[in-house]
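Using the sequences and the hints, build the whole thing.
Heads up: the protein sequence lines correspond to chains A and B, in order. For the first sequence, the working numbering assigns the number 4 to the initial residue and increments by one for each residue that follows. For the second sequence, the working numbering assigns the number 24 to the initial residue and increments by one for each residue that follows.
Quick list of in silico lysine-lysine cross-link-like pairs, DSS-like style, CA-CA up to 27 Å:
1) Lys71(A) x Lys53(A)
2) Lys40(A) x Lys34(B)
3) Lys34(B) x Lys80(B)
4) Lys38(B) x Lys80(B)
5) Lys80(B) x Lys29(A)
6) Lys29(A) x Lys71(A)
If you want a taste of the chain A side facing chain B, the calculated C-beta under 7 Å gives, among others:
7) Ala44
8) Pro45
9) Phe47
10) Arg103
11) Phe106
12) Arg108
13) Gly109
I should point out that these hints are in silico values taken from the structure, not numbers from a laboratory. Keep in mind the model is a prediction, meaning the values are calculated, not measured. No residue lacks a Cβ here, since even glycine has one placed at the ideal position from N, Cα and C.
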Amino acid sequence: QQPVQSPQAVILREGEDAVINCSSSKALYSVHWYRQKHGEAPVFLMILLKGGEQKGHDKISASFNEKKQQSSLYLTASQLSYSGTYFCGTEVDRGSTLGRLYFGRGTQLTVWP
Amino acid sequence: GAGVSQSPSNKVTEKGKDVELRCDPISGHTALYWYRQSLGQGLEFLIYFQGNSAPDKSGLPSDRFSAERTGGSVSTLTIQRTQQEDSAVYLCASSSSLAGGLQTQYFGPGTRLLVL
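If you want it as structure tokens, here you go:
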């Protein structure tokens, strides 16, 4: 039930855009995005609920396509501070596994000046 | 407290020894998770506590791993007879459990375990 993230790694120049995808083979209730900098704990970015919702946070936004069981994270005009590994966590259902997330392997994003 | 805390921050042990890792969740959070992250890898689910329900232990890699949560708050992850492949960062996370709410998980800084 682990979601698949793509690409595995991205290298950008400051100001460039990037898209990170997260796909699941299971119907999803929600998708959670986290960023982890080297040597630090993952930090929560945003949650998306089923329904094709799109959310934004500064120049980072995300969408969730329920029909495709897919979420995408959009990083616009990237900054040096965006560097890190991005993880998506998927919540499959709200039954006995309430709250449990299945995390992808991560996408390593490097932004160069 | 302000966030999830874990102790120790670093632990070096010899193969075959037992270790205990501690997690203090955010006050009021009833859900607590343990993950393992090997170097350069993703987050491997280990175990999940939700209130007074039986824990979901489906991610524990072997019977050398166990965890408990006392009083619905602090949790201890115990690894018995440690092996070199147990070396990793062990992360704890907690979340609130509002009915129908979104379970944002907040992570602690982790314990870096090195088994020699």
